[in-house]
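Novice: The primary structure of each chain is shown beneath.
There are 2 protein chains.
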Amino acid sequence: MYSLSDKFAGMKPSATREILKVTSEPGMIAFAGGSPAIEAFPAEEVTKLSNEILTENAVSALVYGVSEGYEPLRKTVKEWLKRRENVGTDDDTVIITAGGTQVMDIATRILTSEGDTIICEEPSFVGSLNCFRSHGLRLAGVPIDADGMNIEKLEETIKANPNAKFIYTIPNFQNPGGTTLSLEKRKAMYKLALENDLVIVEDNPYGNLRVAGEDVPAIKSFDTEGIVIYAGSFSKILAPGIRVAYAVVPSKMAGAFTIGKQVSDVHTGVLNQMIVSRWFDEYDVDAHIERIKLIYRKKLNLMCDCLDRYCPQIEYVRPEGGLFIWAKLPKKVDMLSYVKELIKYKVAVVPGSSFMTDDTAPCDYIRLNFSTPSEENIEKGVEIMGEVLKKFGE
Amino acid sequence: MYSLSDKFAGMKPSATREILKVTSEPGMIAFAGGSPAIEAFPAEEVTKLSNEILTENAVSALVYGVSEGYEPLRKTVKEWLKRRENVGTDDDTVIITAGGTQVMDIATRILTSEGDTIICEEPSFVGSLNCFRSHGLRLAGVPIDADGMNIEKLEETIKANPNAKFIYTIPNFQNPGGTTLSLEKRKAMYKLALENDLVIVEDNPYGNLRVAGEDVPAIKSFDTEGIVIYAGSFSKILAPGIRVAYAVVPSKMAGAFTIGKQVSDVHTGVLNQMIVSRWFDEYDVDAHIERIKLIYRKKLNLMCDCLDRYCPQIEYVRPEGGLFIWAKLPKKVDMLSYVKELIKYKVAVVPGSSFMTDDTAPCDYIRLNFSTPSEENIEKGVEIMGEVLKKFGE
Chain A
6 MYSLSDKFAG MKPSATREIL KVTSEPGMIA FAGGSPAIEA FPAEEVTKLS
56 NEILTENAVS ALVYGVSEGY EPLRKTVKEW LKRRENVGTD DDTVIITAGG
106 TQVMDIATRI LTSEGDTIIC EEPSFVGSLN CFRSHGLRLA GVPIDADGMN
156 IEKLEETIKA NPNAKFIYTI PNFQNPGGTT LSLEKRKAMY KLALENDLVI
206 VEDNPYGNLR VAGEDVPAIK SFDTEGIVIY AGSFSKILAP GIRVAYAVVP
256 SKMAGAFTIG KQVSDVHTGV LNQMIVSRWF DEYDVDAHIE RIKLIYRKKL
306 NLMCDCLDRY CPQIEYVRPE GGLFIWAKLP KKVDMLSYVK ELIKYKVAVV
356 PGSSFMTDDT APCDYIRLNF STPSEENIEK GVEIMGEVLK KFGE
Chain B
6 MYSLSDKFAG MKPSATREIL KVTSEPGMIA FAGGSPAIEA FPAEEVTKLS
56 NEILTENAVS ALVYGVSEGY EPLRKTVKEW LKRRENVGTD DDTVIITAGG
106 TQVMDIATRI LTSEGDTIIC EEPSFVGSLN CFRSHGLRLA GVPIDADGMN
156 IEKLEETIKA NPNAKFIYTI PNFQNPGGTT LSLEKRKAMY KLALENDLVI
206 VEDNPYGNLR VAGEDVPAIK SFDTEGIVIY AGSFSKILAP GIRVAYAVVP
256 SKMAGAFTIG KQVSDVHTGV LNQMIVSRWF DEYDVDAHIE RIKLIYRKKL
306 NLMCDCLDRY CPQIEYVRPE GGLFIWAKLP KKVDMLSYVK ELIKYKVAVV
356 PGSSFMTDDT APCDYIRLNF STPSEENIEK GVEIMGEVLK KFGE
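Line by line, the protein sequences give chains A and B.
Per the numbering used here, the first sequence runs over residues 6 to 399.
Per the numbering used here, the second sequence runs over residues 6 to 399.
This is chain A alone, in the form it adopts within the complex (with noise of 0.2 Å):
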């Protein structure tokens, strides 16, 4: 009988998707899932966008497309990011690609060989550190402060790790931590990276959901040396069903990174790219970006608020924004026993566990999503994750 690649043989799906089939059960207040507020979904401009391209010119939409991506939408992308975060030159090269993970997985075939390693936060996003090890590459993760990625430890872990490819970092309100790594932190990264021959991957999808402080530049602003993959996402500000999003890639790996795509997927949907692409002709897309700010705000500070009323004796630290806070259970909770207890009254919180390049390691966390609960399944949820916390004699 054949038999599965090593690879392969040894994985597991990921725990935040399979508990996310948990959360669909009737009932569930979902706490575990990863979804934008659907609330914030401009779903009318994209019924009316699609509609009209369909109808004027359905056969546009339905040939096949470039591995690159529609160049109108490349354009429009690689202009607006340029004017709202400084981010590219005339030297990079914006591919559109189908959903955010893939410029990771892609930018994991074009860099690295099976055994290599990848240094990363450490908790770090599931989907991403699942796609890593599915190339059979090594994680090294590096812990995070308040302000994001540790430098003293990443600089150890460079040293520890020759066969290091690139650093994976999630800079703006990080998942799950909910950091944001600080401009003097970026800057060091960047330093080590170009010191180190390591290139940078900046995971960027939850920037523009900032509800508090100031921005930070991206490291992607001052790449003089060309050596970040900068990946964005229309998931969070669009939404995720349509999957489209975007890298910025270096001259020197551009090439590489359109084949990757082209061997991957041949190219993303063409109706998918229009449709963004006419969202940005047709509607002010920095707007609605401030007004569904309005809704994170508001879901984020009430979570913040109930977890302080109803579970004091859970410690985090406040995000800045995106969708996630990372929760510390006290001492003498054991995690796993607690999420399980949770689902039995109905509410679902994904193991922090699953966020950690070794996965079995003791862990006192769990992440909570607040973006797709309403604001009453919000303060409800919270409340019966104290009432539980008692059950475990706190």
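Heads up, a few of these hints could be off.
It does not matter which identical chain is used: a pair holds within one copy or between any two.
[What the hints assert, rightly or not] Restricting the straight-line Cα-Cα distance to at most 30 Å, the calculated cross-link-like pairs of lysine-lysine (DSSO-like) are:
| # | residue 1 | residue 2 |
| --- | --- | --- |
| 1 | K164 | K349 |
| 2 | K396 | K192 |
| 3 | K53 | K192 |
| 4 | K257 | K80 |
| 5 | K298 | K351 |
| 6 | K257 | K17 |
| 7 | K17 | K80 |
| 8 | K17 | K83 |
Derived from the structure by calculation, the hints contain no laboratory data.
On the provided structure of chain A, position chain B as indicated by the hints.
Specialist: The following block gives chain B in isolation, referenced to the frame of chain A:
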């Protein structure tokens, strides 16, 4: 400075897709594409379906989906394949992918490691070959006869490549060969795979486009042992820009395949999948296929007749379906010079060498696509091909 992975350092963009860029120049007669006939797209139906879906419940098309695919579409495809092709058992899982190439990519990810070998037809589809190459795999090509892969050579190739992991075959109207694998050979291939612990990846994007002769049962239809991954696509019968295809995966590989999809791009666009699902609900897809076959039959016969008339020196096996004719040039004619000369006369064809496991070896073939050009351009283009042949002393 960082360096690209060895897997990508030597890779070039697909020659076909590079030539496609030339074909979009004004006035170019495009025999180089791989697009289905645009006049066969159900464009009005897609417009109506998409409008209905979004108008009734846009949010349902905008939320995250599950990695396996949109459940109603998976169910419909499973029933349709069983009825139409006797493909798929209760033990098999249907997984929706973003186009057919992604099936090859995920199969490769879960079954192989760098340095392994894939056994394929020689010539074969350059998109799949490049996908395999991008994973650091070796290609072992087996020549094709008029009735598909040469089975004696397949047996020799299996013996010579103990680290081969799967056989990749396009059984119907092979790309670019145009040949169809006989039932006897399908059975022989299956037996050899079983005896040698090999998986078969059966890539069948063109099977529905048969315009002459009788259907041959899919290898998957007699896969009692669960060793065949079957790939089908809506690119050729609906439209390619929508990027919806499917894999029928034996139960033992289904978990890994789902993870492979998850780490690639999380899931296929939801609206895209809903459009296809609803297409089955509201229209008679089998009747649509019968209608579009008429378009393909006419174009295929026209191109063959024109070749016989204007280029009698060119040899080819008349395909019974699909999109391509694999044309052998007379000995005197240098293939690459001929292709370049044709471009000067505004006719684009693909050099046959693109489809070879070693694309630098001598090759007398070109690939002609008859589905994209108009009938007028088929006649005009083949006439030019004949005139340019004369310039080469033919």
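Novice: Hint by hint, say whether it matches the structure.
Specialist: Now the hints, each set against the structure:
Taking the shortest alpha-carbon separations for K164 and K349, neither the intra-copy value of 46 Å nor the inter-copy value of 56 Å comes in at or below 30 Å. Proximity of K396 and K192 under a CA criterion of 30 Å is satisfied in neither setting, with 46 Å inside one chain copy and 63 Å between copies. Taking the shortest Cα distances, K53 and K192 never come within 30 Å of each other, neither inside one copy (43 Å) nor across copies (52 Å). For the identical chains of this complex, K257 and K80 are intra-copy neighbours only, at 19 Å inside a copy versus 44 Å across copies, given an alpha-carbon limit of 30 Å.
Taking identical chains as interchangeable, the C-alpha atoms of K298 and K351 lie at most 30 Å apart only when both belong to the same chain, with a minimum of 28 Å there against 53 Å between chains. In this assembly of identical chains, K257 and K17 lie within 30 Å of each other by CA distance solely across copies; the values are 14 Å between and 35 Å within a copy. Taking CA atoms no more than 30 Å apart as the test, K17 paired with K80 passes between copies only; the shortest distance there is 24 Å, against 39 Å inside one copy. For the homomeric pair K17 and K83, the shortest alpha-carbon distance between copies (25 Å) is at most 30 Å, but the shortest distance inside one copy (37 Å) is not.
Checked against the numbered hints above, the structure breaks hints 1, 2 and 3 and satisfies the rest.
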